[in-house]
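Protein sequence lines correspond, in order, to chains A and B. 235 is the number that our numbering gives to position 24 of the first sequence; each next residue is one higher, with no gaps. 428 is the number that our numbering gives to position 412 of the second sequence; each next residue is one higher, with no gaps.
Careful, some of the hints might be misleading.
Stated by the list, open to error - With a straight-line Cα cutoff of 16 angstroms, these simulated EDC-like cross-link-like pairs (lysine to aspartate or glutamate) come out:
| id | chain 1 | residue 1 | chain 2 | residue 2 |
| --- | --- | --- | --- | --- |
| 1 | A | 304 | B | 481 |
| 2 | B | 290 | A | 347 |
| 3 | A | 230 | B | 455 |
| 4 | A | 230 | B | 481 |
| 5 | A | 233 | B | 481 |
| 6 | A | 261 | A | 308 |
What the hints assert, rightly or not - To give a feel for the contact side, a few chain B residues facing chain A, derived at Cβ under 10 angstroms:
| id | residue |
| --- | --- |
| 7 | 76 |
| 8 | 79 |
| 9 | 275 |
| 10 | 358 |
| 11 | 624 |
| 12 | 628 |
| 13 | 631 |
| 14 | 633 |
What the hints assert, rightly or not - If you want the footprint, here are the derived chain B segments under chain A, 3+ residues with CB under 8 angstroms:
| id | segment |
| --- | --- |
| 15 | 165-176 |
| 16 | 458-472 |
To be clear, the hints were calculated from the coordinates, so they are not data collected in a lab. All C-beta atoms, glycine included, are put in the ideal place defined by N, C-alpha and C.
In case you want the letters, here they are:
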Amino acid sequence: MSIEPLDLTLLDPIILEYKEQKGAVIPILQRAQEVYSYLPKEVLVSISKKIGVPLSQLYGVVTFYAQFNLEPRGRHIVSVCDGTACHVRGAPKIIDDIEGALNLERGCSDPDFRYTLEIVYCLGSCGLAPIVVVDDQVYGKTTSETLIERLRQLD
Amino acid sequence: MTVLNNAAELDQLQKAALARLEERANAKATVYIGMGTCGVAAGATQVAQAVQAEIATHNLDVEMVNVGCIGMCVKEPLVDIQLPGRPRVTYANVTPDMVPRIIDEHLVKKQFIKKWAFAQLTNGSGARVEGLKEYAEHPFYRNQVRVALRNCGMIDPESIDEYIAVDGYKGLAKVLSGMEPQDVIDEMKDSGLRGRGGAGFLTGVKWEFCMRARGYPKYVICNADEGDPGAFMDRSILEGDPHSVIEGMLIAAYAIGAPEGYVYCRAEYPLAIKRLKKAIVQANEYGFLGENILGSSFSFQLKIKEGAGAFVCGEETALIASIEGKRGEPRPRPPYPAVSGLWGKPSNVNNVKSYAITPQIMVKGADWFSSIGTPTSTGTAVFALTGKINNTGLIEVPMGITLREIIFEVGGGIPKKKQFKAVQTGGPLGGCLPAEALDTPVDFDSLTKAGATMGSGGMIVVDQDTCMVEFARYFLTFASAESCGKCVPCRIGGQRLLEVLTRITQGQGTLEDLDEIEYISQNMREGSLCALGQLTPGPVMASLRFFREEYEAHINEKFCPAGVCAGMYTYEIDADLCPGCGLCVKACTSDAITGTRKEPHVINQAKCLQCGACYQACNLGAILVKHKHELIPLEAI
């Protein structure tokens, strides 16, 4: 992932859209993260100035919710569900296997930012446990072998 | 589309919609594909593409309808085919390469494929396909009564007309043409509906509190932050029948006098949010939302708020804080949200299922609803049935049905002839019940009395291969990670409990630890601010109560009877049961198993890594979980 200078003007249309709405901090942060893929400090500072909410308060919100990332993320997001049904049907082994095979750690990205491995709790498709989501594509009844094979094929 | 001005216009619209649907059913063949999240995860998108391609190849005039989830997750992807004037025939576990044959034989040659067909849905039309079960005759559906899930998998969730055809918005029309807000509340109270989010508070009473509260504007909020792992009832309703939730919220808003409402939906449910957004647009076009609804003086606006990933936001005060754009931390109650909720105004928070049921109560009456279920828990219960069970899926059963009926009849029992061990209800804040409790009736009070909770509807079945200590530790990991950290008993207590449990699963526990668990749990229950902290010890307490011997085995014998906790068990082959088939030899990754064919095999303990591959591979249960040291005879030391 190359670090380019951030174009903070991309925030303007988002802030304009939510200007009149009460309690819009979370949607603004969500939209900003869609644009920058994570929430760098500069973005938070800029949002804070533009909407008049103290940076400390924004930081409080960002660190509270699992969805927000303060660190850059990998090109491919691998979310392994460890919800109850998936846990009972073998998710812990899948997580261990991915960590071993791809030299990843849960919750982290690899040094090349190729993958980010996330543990999520319940995507609501428990009937097809264990569930793994790779870049928004949901895979049911996953096995470690097929999943690792699929991940290796991603660039 | 034009705005409807009164109930009569809705009637007309319904007649027209019904006529159109009937015409379609008689004139054209229809293909229904289950496109809920679970269907898509199982490959429904590829199946739909294959169907489309095949229809184009044969140049057929066929209507394709995407429906929500019918609840039979284990059979996904599901494809229903309906020939003109004929019943809907469902094909289960459809793969793209099955599609050409299904289209060719069923749509072109008009013969159903018996081998692949699962059941038929006659819809009272009289026409029946010979030699195929009806849905109602299938064990999975036989015991079900569908109220909240009535339309899921039946109608196109993206078509408001299809919802109107099945009495949609009729409850709202009835309420707006002649019922006073108090009448609506009385009807709800008479129905006995208790909040389906888990706490089971009477919905009508809750509405009344909010109606009587001073303050303006008031808010109606739908809690769709379905955070319990293993629960997906609310997602399914939002994906399969979003209008029922909107209609329920409208009725609540009329009763309490609220001009504005929010659906707080977790961001992990993108399809539910998409369908709900579409439904809101359609409802606005017909004037079910907006100003002067159905020509009355009642106006209502509805918005969606996406969650950002925090389990505690399922708690109503935390949810309200999150809508306000703050950290989703709960606050002490009272004041309850009915008095001081969103932006300090009176607010009514109900679960998705409670709202989805409401229109039916208005249309069919409180007596009809209270005739289902038990006197103190009326109506139906929706469960997401998952874990080690044959028919995983979404079910809706009358309250009062026993756990045994749910697990062994509706659920079809435990796979691979394994032993039922426990059922976890109420998610990570609920509790588990053992085999002895299988005859407990499923209702709010009986489950609580038995040591579990109703919760919002997750029901996870585990078999002999699940270690109850590790299972409890798993729930604690979840609950303590999701603690918001505001109050001390929850923040520290959860961590301490987790440490104790972890110690036990690593073989370092002591009997004093069991007292420690009870002591911490007691304090958490009494001292925590919200339900998350109060109920976090639930699964540990329940498993300690019903499976104490497993805890003691971990502590006294350093033995995990389920063969889960690393280093606390070993595998051994039972010579009497082993036929020498060699499946375990093939499965073994470390060449630890030897033996002559058709003779009992042996595991070399020095090589065995306890990976469990042989245990999973053996079809006869000949591989046993044994104590780690049992194999070394005392004389040999």
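Going down the list of hints, with the structure as the test:
no. : hint          : in the structure
1   : A:304 / B:481 : holds (14 angstroms)
2   : B:290 / A:347 : holds (15 angstroms)
3   : A:230 / B:455 : violated (57 angstroms)
4   : A:230 / B:481 : violated (55 angstroms)
5   : A:233 / B:481 : violated (50 angstroms)
6   : A:261 / A:308 : violated (45 angstroms)
7   : 76            : violated (30 angstroms)
8   : 79            : violated (27 angstroms)
9   : 275           : violated (14 angstroms)
10  : 358           : holds (9 angstroms)
11  : 624           : violated (17 angstroms)
12  : 628           : holds (9 angstroms)
13  : 631           : violated (13 angstroms)
14  : 633           : violated (14 angstroms)
15  : 165-176       : violated (count 0)
16  : 458-472       : violated (count 0)
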